[in-house]
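Peer 1: Residue-level listing of the chains:
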Amino acid sequence: MMAQMLKNKVYGWLDQRFALGTMQELAGKKTVPVHRHSIWYYMGGIAVMFLIIQVLTGGLLMLYYVPEISAAHASIVTINSQVDFGWFVRSMHSWGANLMILALFVHLFTTYFLKAYRPPREITWLTGLGLLVVVFGFGFTGYLLPWDEVAFFATKVGLDIASQVPFVGETIATILRGGADVSQATLSRFFVIHVFLLPLALVALMGVHMLMVQLHGMSRPDSVKDQAVREEKFFPTFVLKDLMVWLLLFNLLAAFVSFYPWGLGPEADPFAAAPAGIKPEWYFLGMFQFLKVLPAYIGPFEGEHVGMALFALIGLAFVVIPFWERGQNPVRKMWAELFGSVILFLFIVFTVWGMLL
Amino acid sequence: MNYPIWDVPYLGVTGIIGLISCFHICIVNFAVGGGMYFAVTEQWAYKTNDEGVYDFLKRLSKFFLLLTTVAGAVSGIGIWWAVSLGNPNSIHTLIQTFTLGWAEEWVFFIAELATAFVYYYTWGKISKEQHLKLAWFYAVFSVLTLVIINGILSFMMTPGAWLTTKNWLLGFFNETYWPLLFMRLVVFAAAAGMYAFVVAARIQDEATKTKVLQYTTKWFIPLFIIGPLVGFWYFKNLPPDAVTNVMTGIQASGVGNFSILARTFYLSLIMTGTILVFAFVGPYLNPKGFSFHAAVLFLLCGLFVTSIGEFTREMLRKPYVIYGYMYSNGIVKDKVPELNKVGYLKSSKWVHDGMTPVEIGESMFKSQCLMCHTRHGYRSMERLLGERDEQSITAFLQMLQMTDKEKNPYVGIMPPLVGTPDEVAALATYLSALTGTAANPPVKQTAALPYKPVLVK
Ligand code: HEM
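In the order they appear, the protein sequences are chains A and B.
So the first sequence is numbered by the numbering used here: it starts at 1 and just counts up by one.
So the second sequence is numbered by the numbering used here: it starts at 1001 and just counts up by one.
Treat the hints as calculated values from the structure; they're not laboratory data.
Certain hints may be false.
Derived, one-sided and incomplete: chain A residues facing chain B with beta-carbon distance under 10 Å [to be verified]:
no., residue
1, LEU26
2, PHE85
3, PHE88
4, GLU122
5, GLN184
6, PRO236
7, PHE238
8, LYS241
9, LEU243
10, LEU248
11, PHE250
12, ALA254
13, ALA255
14, PHE259
15, PRO261
From the three backbone atoms N, C-alpha and C, an ideal C-beta is built for every residue, glycine too.
Required output: the full structure, derived from the provided sequences and hints.
Peer 2: Structural data, given as structure tokens:
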């Protein structure tokens, strides 16, 4: 009795201030279709879960990490070997980043093949692409922070590649580096980008992305369009299932962390020769490998320039796809599917190729 | 030391025993936990006279019977085989010490199996009261098998007063006997709940499905309250050195020597925690949407936890197989000084006149290292020795002979290396030949041993 009254009172207070009723209505509006492709509806949520882990562990790491080239590496050593559960938090952050990017790739390609980008979800798709760029940025900048040998040289190589982009490349690379070489300025910039700029961008894009998802509900793929499909309430039914998936994947992450704690190479020595076989992280490896196998010159152009122009075109194609393939023209649909399949295939082939070398 | 040595390439003897045991424990926890679950649940079905629940129990018992009698019994025998081949010295000691215990274990085991069959085949053939009694019989027999085996397993970790008195009952009811017994009862009961989810997820009738899933979630709640308490109780009674290993892992698990122990321990804590949340958000709050796949994945997580829990418990005991008495490689701790003096291989039937140092070294390797290491696979010599040459291997081995923690950081992790300087030198020669760091390929020559080896034809 008392408890019920108290509950009503608290609810009333909150409702007046936050319009809980309206929010509940919004939450109750979204439904999720149940069909044989439903499993892909979990992917975005999985990315959210990993993101939450990144935010929490990242915050903890900042308590001990020192973004200064003579202390950065040592601070990671301290985290790994002296701070209580420091090794755990750091491994969570590193493994979590990789699993998150993997989940994002799956999310991107499955929404692509389910044609979830079609009207009215163009904005969802575009903010999604923006999020991918942001997450790549997190990966690239975060990689340098431990200031170990591979990190240093991979960043150097990565920025050198970036500087090859015609017209703007050199300027961008110089701004990122803070000069001609990877140095303290680079580390400071990468740190600020990693913990300040990108999170801001992420929050903004995520906000729009999620709002759009909430407004439009989940898309239905063509193959089940005409069937009578049961719709499930997003809140609470689907959320509860989401939570189960999250727990399972959290366990997977914990298993990686426990069995393969994230290592740390020797401290970077800018004057040493680059160790052989420097490779970027696996998510950049496909592109890296592709550039590597291009001939030095293709016709009158430099091979790398051609490669980058090609990446730009592919990126552009992903941007315009929702405006071009709108679900009205079967021929365009076929081309979109073909394009997606080729890109996915090449991405996998070149990534595996790069790993094997 | 004169038992034949089972040399398993790559996987190692430990690997084989470990794999079979992990599989076995996953089944056994259902065999014992299931006993309790059936009894309590059938009591509930009887009280509420709910045919839906009876139907569910019938289906569960079919799955249960198949799994425990076939997979459980076969893998149990598998452990016996693997351990007698892989670690004959320890099983020898255990059989000699607990002859009566083992005999009882087999009696209860047979009673358990027989009851399981009768339980399944008498559904609907005898009265409900009688069937309920069978359920309780089964529960009692299966718990009794645990009551016995638990004495022997806990003895290996904490042999307690047996060390000085050699009284087997004192060894049986040792310091960790009660906490480990309760810990296992809790874990097994929880596992039974997870198996039950798998079968319950497929119940067609929605009302029954909801009822059974929510009932089974509640089954977990007391377990998760008692679990941490008995876990703590168990920990309190462990040898301090073993606990230190886990605690140092809080800071240095990423780099520590033996940190896998600590890491798997934390992992099992995390996974246990998530299981409770999972049961709450899944089967309890959303029973209608709880699918068979989710139940299976959930079960796999649970079984993974029990396996790594057992793995941690086994690792905790290192470097002993019977704590404080016998090392993992079967060497009795008190014999070490003597063996160092007269020679470890002196009474070995596997060495004979005319053996090269490499061959003698290999004998040393097989009987002292192979129990936990392999040449090129799991915990391999190749990887662990790396680039060390014969000289530095010798220095390393000499360090492994010391029993002072200051001088030998491996004390408490690896058994001390036992043998005369010549034997140690032979081992170093063998190891450097193995890893390919030997300066010159060793010439065929007879080793100088301080004793005359026994000749075998
Ligand atoms: C940090 C990165 C991202 C997060 C946290 C995120 C999160 C989500 C969530 C929670 C959903 C709803 C559930 C689902 O469909 O899976 C969703 C939907 C969607 N996302 Fe993302 N996403 C991210 C990146 C991306 C990327 C890289 C793309 C593709 C370029 C993308 C495109 C979409 C589309 C098109 C939908 C609508 C799916 C439908 O209606 O069927 N998202 N996102």
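Peer 1: How about PHE250 (chain A): closest beta carbon in chain B under 10 Å, or not?
Peer 2: Since the shortest Cβ distance to chain B is 6 Å, the answer is holds.
Peer 1: May I ask you to test the interface hint for PHE88 (chain A) with respect to chain B, counting a Cβ-Cβ separation under 10 Å as satisfied?
Peer 2: holds, 7 Å
Peer 1: Take the shortest C-beta to C-beta distance between ALA255 (chain A) and chain B; is it under 10 Å?
Peer 2: holds, 6 Å
Peer 1: If you take the shortest Cβ to Cβ gap from PHE259 (chain A) to chain B, is it below 10 Å?
Peer 2: holds, 7 Å
Peer 1: Under 10 Å is the threshold here; is the Cβ of LEU248 (chain A) close enough to any Cβ of chain B for the hint to stand?
Peer 2: Nearest chain B Cβ about 6 Å off; hint holds.
Peer 1: How about LEU243 (chain A): closest beta carbon in chain B under 10 Å, or not?
Peer 2: holds, 4 Å
Peer 1: Quick check on PRO261 (chain A) please, does its C-beta sit within 10 Å of some C-beta on chain B?
Peer 2: This hint holds: PRO261 (chain A) lies near chain B, its Cβ roughly 4 Å from the closest one there, short of 10 Å.
Peer 1: Let's test the interface hint: is any C-beta of chain B closer than 10 Å to that of GLU122 (chain A)?
Peer 2: With Cβ-Cβ at 31 Å, over 10 Å, it is violated.
Peer 1: Holds or violated: LYS241 (chain A) as interface residue toward chain B, Cβ cutoff 10 Å?
Peer 2: Interface hint status for LYS241 (chain A): holds (6 Å vs cutoff 10 Å).
Peer 1: Minimum Cβ distance from PHE85 (chain A) to chain B below 10 Å?
Peer 2: holds, 6 Å
Peer 1: Less than 10 Å between beta-carbons is the criterion; does LEU26 (chain A) satisfy it with respect to chain B?
Peer 2: violated, 21 Å
Peer 1: Interface hint check: ALA254 (chain A), Cβ to nearest Cβ on chain B, cutoff 10 Å. Holds or violated?
Peer 2: Hint on ALA254 (chain A): holds, closest Cβ of chain B at ~5 Å, below 10 Å.
In summary, the numbered hints that this structure violates are 1, 4 and 5.
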